[in-house]
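Trainee: Chain residues, written in single-letter form:
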Amino acid sequence: MVEGLTVYRGSRLAVQNVSFVLRAGSNMAIIGPNGAGKSTLIQAILGILPRQCGQVWILGEPLRLSGYLPEQVRQQVAYIPQSFQFSGSMPMTVAEFVALGWGMLRPRLPWVGRVARRQAVKEALERVGALHLLAQPLGQLSGGETKRVLLAHCLVWPRRLLILDEAPAGLDARSEGDFYQLLEEVRQTLGWSILQISHDLDMVSRHCDQVICLNRSLIHQGSPQTTLAPEVLVNAYGAEFIRYLHHH
Amino acid sequence: MPEAWLRVWELLQLPFMQRAMVSGILTGVTGGLLGSFAIFRQLSFFSDALGHSALLGIVLGVLLGVDPTWVLLPFGVVFALGVTLILEHTQLSVDAVLNIIYSSSLALAVIALSLIQGYRGNLNQLLFGDILGVSPTALWLSGILLLVSLLYIGLTLPSQMLLTLHKPLAQARGVRVNWQRTMFVVLLALVVALSIRAIGVLLVSAFVVIPAATARVWASSFSAYVLLAMLLGALSAVLGMLGSAVFNLPSGPSIVTTQLLLFVLSLGVKGARQTVTFSQG
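For the record, the sequence lines run as chains W and H. Note that the numbering used here has the first sequence beginning at 1, numbered continuously upward. Note that the numbering used here has the second sequence beginning at 249, numbered continuously upward.
Just so you know, the hints here were simulated from the structure itself, not pulled from any lab data. One or more hints might be untrue.
What the hints assert, rightly or not - One-sided and incomplete, this derived list gives chain W residues near chain H with beta-carbon spacing under 8 Å:
| # | residue |
| --- | --- |
| 1 | ARG12 |
| 2 | GLU71 |
| 3 | THR93 |
| 4 | GLU96 |
| 5 | LEU100 |
What the hints assert, rightly or not - In silico SDA-like cross-links for lysine to any residue, where the CA-CA straight-line distance does not exceed 20 Å:
| # | chain 1 | residue 1 | chain 2 | residue 2 |
| --- | --- | --- | --- | --- |
| 6 | H | LYS415 | W | SER19 |
| 7 | H | LYS415 | W | GLN76 |
| 8 | H | LYS415 | H | SER362 |
| 9 | W | LYS122 | H | GLN339 |
| 10 | H | LYS415 | W | SER87 |
| 11 | W | LYS122 | W | PRO137 |
Model, not experiment: these values are computed from the prediction. Don't be surprised by glycine CBs; every beta carbon is placed ideally from N, CA and C.
Bound-form chain H, shown alone (with noise of 0.2 Å):
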């Protein structure tokens, strides 16, 4: 085992695993941020269909002959001014628009990738991100959309709380719904979207879901269940990492395997001590 955390620690002298690390700190972070508000928006849903509609903005990029990066960020963008538009004049529910959207696009990408002549790129890749190959530029870019979001989220966090509570009470109180529900979905599109090369469009809402529902396993307030889900999502990337680079497995799979393991031991340890307070009780 020693023999492990040597080659760990000579890896995490690597400039690409140093930006690895800082780049699933980062996404964990801001995951743990916009999933405590989003899975309580039934927008659980929204970060899994637009990693899987993000494809075709993918081959968009490949069409295109551009960094994919610069593809899928308007493409998230439209994706949730799109789904923002629909709902709001259509009396479908989320689900159903989210996933006529999502497997839309996802033919869609799937025809124009085998329209593409000579395409080499690496689906597994596609399917499960590649955080190893994070570049710098992503890297800042990840920074500035978490100081983003920490500020939006900040500055607003009344209204935020209201409109997650009880939309017509914020409404009463003179929250703009429409405005803060559009900003919030943009942002949370924006962050998928960035990390969708990094995770991969199957495991990208996992980052949105799953540390925020560990947090909310723990938390009664709210306060403490956002900070919570912020650092959840960053212990889980830092040891999913870890954990890669001792059994070489994937990493994008790898973090997105502790996030699931921290929540159910969450759920054991609370339910257990929840049945010894009873019996005690």
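Chain W with its partners taken away, still in its complex shape (with noise of 0.2 Å):
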């Protein structure tokens, strides 16, 4: 749950009085144009940015000013960001990747529960359909297998909360489609409750059952029936983007 969030990036007002509620089991979107404050939104929910004003409940647990959340509740969320760039020469294979996703990260010896570790890396990596994939070099995954192992690293642990940051971002149209079906599997078996960004409005009103409308304030939230209307794309977006939408 969400309340009166606002943030600012510097000086610079990103995200102005946002509330909203995330039901258990529900896939919720935030869709907006681009400047819109959809990953500061994100980033501050999870507590990688810091937020001015509001209150933040991640799974019935305050989220602290500072970011700090505990650990058992830290650990059933799970986050996709939208860029996955690291330093491709870093060597790391896909399993030790996936591995890094399983268990508290409180300090421990690192052999401890090395065997259940391993068994879940397998498991998480075979759900997603990339198990081939486990000692493969991370840097040299494509953009798909890149998605797929991102996910089973959320796989790999029990979790309840998956927030994806335009989780699709540079797929093509195939890929993304294969992402997304996916994630619903998981999202329907495991119960799990999913907070994303996307732009893909036709995305939106087939997988998700809520959607809110943000452009740095909440211009509407609803089920996508309601919050896809014309009128509110065209608040958002401006009346430019119907015209293309009804071209495209």
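Join the two chains, each given in its own frame, into one complex according to the hints.
Mentor: Here is the structure:
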């Protein structure tokens, strides 16, 4: 639950007084034009960016202003960032990366839980159809493979909430479709709640049950039918956008 | 040649030589361990900058009339915390901040040195170190520092790996980024500061950067990479020390030259193997 959230990026007001409730098991989309504060909103909810006003509760636990969330709650939240850029020369296998999503981050000896961790990594990669990538270097994956591996990183430990920041960005149409299908399967099987930023209004209308339209402040929230109505979209994106949609 | 090896064997019986060998191995292992993370956190230049700035710490030690080791350790910590603080509160890049601090520290050190009347210190020793003169106290401190580094990195390995790979992902998983980054930088500063008297202000960064860079040539997994960097750090120290004894060369530069040879050899062998695989494929 988010209540009256206001976030500044430097001296610029990025998100103003936003409130909404994400129901358990729901698939909620955040839509809005570029620069509307969608990524800022998600990063503030995760505690990556500091907030200036408002309250955030994650799985019933308040997120402190410092970004602290109790370890037990924090590990039930998974995040897939918009861009997963890292030094491509960093030597790390897919198995090692997926294993980083396993367990609590409190200090422990590296070999504690090794067998269970290995098994969980294999199961997670199998679930996303990427078991064959187990020993591959992380830096040599294609865009679609990287997204699957990121999802396996989330799946390797029991979660309840998945937050995605334009997860399929950079994928071709087929890989994007595959990714959303995979996400939907995971949600239905495991009952996760999903909060995702998306520019794909067609996907939003097909897969999401709640939509919030943002342009720094909240423009509308409700079902896809009401939030994706032309008058709401005109208000958020401008009339030009609707003409563009009609032409395509 | 057997005569040379006999000399090496005799030298290895001497306590100062044994201390130098153990010191080289300890510094090599610790440098490899921390260096394997440092080179992917854009901290390669950090050890170099601290090495240069440490000259100011040594001069302070001379001014205060105390063993420079006891000045260098707090100096390293203050340097690390100062750099972290400036980075958090400015928009400047890491290398710009490090450059400002190290060049100004170096300038102040040279001015202070010129003002100390009657200073007869060996500048050559400061610049290139004297591993043969390592004291038992410094050796114990190196051992303790290696143990602390192993415990810290070992117990927080997933957090360190996530932080090195992708900061936002680490933050979302609840890694206390500022705390972990500060702890790592302080540890790195202590290792560099402690190694300066043995290896010298100009060469100390090689212990952090070169073994890790060589390990990167071979390793495809992160765990193998870290272990290999530690092993190469120790191996270069042993080979470098033996080489310096055989050819009667300065020890610190011999170790760094060995590190460089292993790096170049790795690049060459790896390159040749790839060429063969490519032509066969």
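Trainee: Could you run down the list of hints and mark each one as holding or not?
Mentor: Each hint, compared with the structure:
Hint status for ARG12(W): violated, given a least beta-carbon distance of 15 Å to chain H, over 8 Å. A least Cβ separation of about 6 Å between GLU71(W) and chain H falls short of the 8 Å threshold, and the interface hint therefore holds. Restraint check, THR93(W) versus chain H: the minimum CB separation of about 5 Å is within 8 Å; hint holds. With a cut of 8 Å, the hint placing GLU96(W) at the interface with chain H holds, because the nearest CB-to-CB distance is about 5 Å.
For LEU100(W), the suggested interface contact is upheld, since its CB lies about 5 Å from the closest CB of chain H, less than 8 Å. At roughly 27 Å between alpha-carbon atoms, LYS415(H) and SER19(W) are farther apart than 20 Å, so this suggested pair is violated. Between the alpha carbons of LYS415(H) and GLN76(W) the distance comes to roughly 19 Å, so the proposed pair stays at or under 20 Å and holds. Restraint check for LYS415(H) and SER362(H): the C-alpha separation of about 45 Å exceeds 20 Å, so the hint is violated.
At roughly 42 Å between alpha-carbon atoms, LYS122(W) and GLN339(H) are farther apart than 20 Å, so this suggested pair is violated. Restraint check for LYS415(H) and SER87(W): the C-alpha separation of about 12 Å stays at or below 20 Å, so the hint holds. Between the alpha carbons of LYS122(W) and PRO137(W) the distance comes to roughly 16 Å, so the proposed pair stays at or under 20 Å and holds.
Checked against the numbered hints given earlier, the structure breaks hints 1, 6, 8 and 9 and satisfies all the rest.
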